[in-house]
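Colleague: Chains A and B, in that order, give the protein sequences.
Residue 124 in the numbering used here sits at position 124 of the first sequence, with consecutive numbering throughout.
Residue 243 in the numbering used here sits at position 71 of the second sequence, with consecutive numbering throughout.
Since the hints were made in silico from the structure, they are not lab data.
Fair warning: this is a prediction, and the values are worked out from it, not measured in the lab.
All C-beta atoms, glycine included, are put in the ideal place defined by N, C-alpha and C.
To give an idea of the interface, some chain B residues facing chain A are shown, with a C-beta separation under 8 Å as derived from the structure:
#, residue
1, 195
2, 250
3, 280
4, 284
Residues per chain are reported as follows:
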Amino acid sequence: MPFGLCKKMFGKSLWLFHTNCGACNGCDIEVIDVLTPYYDVERFGMKLVGSPRHADALVVSGSVSRQVAPALRRLYEATPDPKIVIAVGSCAVGGNIWFDTYNILGGADKVVPVAMYIPGCPPRPEAIVYGAALALGLVPKKVAAQHENHIPPGFDLDGYLEQWKDVPAVTR
Amino acid sequence: MFKAKLKEAVICFGAGRVTLDYPFEPVKVPPKFRGKIEFDPRKCIACGGCANVCPPRCIVIEDMGEVAKLTFHLDRCIQCARCYEVCPEDAIWPTEQFETATPDKNDLKSEMMVWMSSCQRCGRCFEYDNAIDRFPSKRWRGRGPGEANKHGIFPTKPPIAFRPPPLVREEEP
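If we strip away everything but chain A, and leave its shape as in the complex, we get (with noise of 0.2 Å):
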């Protein structure tokens, strides 16, 4: 009885450690802002903690600089498992205007697998307290990608494709 109920309170308290790999402090408060009593995401059972052997969940916000990635997988490797990782940001999620830029590796899932991207440049704190909740289930996936073409009825799309398969394409 005491091992079920324990398991239904704590069995989803993800503890997090907060790690800045580069951020300009913008999403480090915001994610400070959800800790306080207005988006009070304790009452998900979620606190940070001091150290990432106490943690469940990595907290990466910034674009993963060259100099910083060695010791964000040691952050990683030292977190016991289960865990996962959140980025919070566009820097963490893709790089934000950094991403090709020279020291830059242009998002945490570049050096860690990534479990829930937050993006937003810093992401609203309801922003992040809705990916806290999807990470835990409580409410469904929102977003999707957008594919819209504009075409006229009868045009031979894909068979037109086909020429600039031999062009290079813009990756970025």
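Place chain B on chain A using the hints.
Modeller: Only chain B this time, still in chain A's reference frame:
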């Protein structure tokens, strides 16, 4: 001390509950909030203005002759809405959606194909050899000048290399 604690308790009870009930109840964003961008391929003329001003270069245009492909890398979008400001046709705009957290990164990459054949108002072809094509940076303008003209869709004009005017006028001998 007991008196002070009592005073605190009165203040705390008077304040009531301040915590938002957010993930279970929707919240209103402030006016002019800039969230995830949306676009309308029926209005877009693929002029490249949004791709030009986008600071993180999250809008990429690939010019493929009759069609132009626009790719939106929303994972690195900073929601500055400069694309909305510069768009002459109001084909792209910021929405109030901020709930963009996702476990899959492919949800943050949108694409659209735009028919580029002729102007929808005057019926004539666009001028191909314009200032955008002569721009030396090929980063945001897909395949560069000369490629779109390969199939003879547009009026055949040789691509002009961009030469900036000389700063100092050379004196004639």
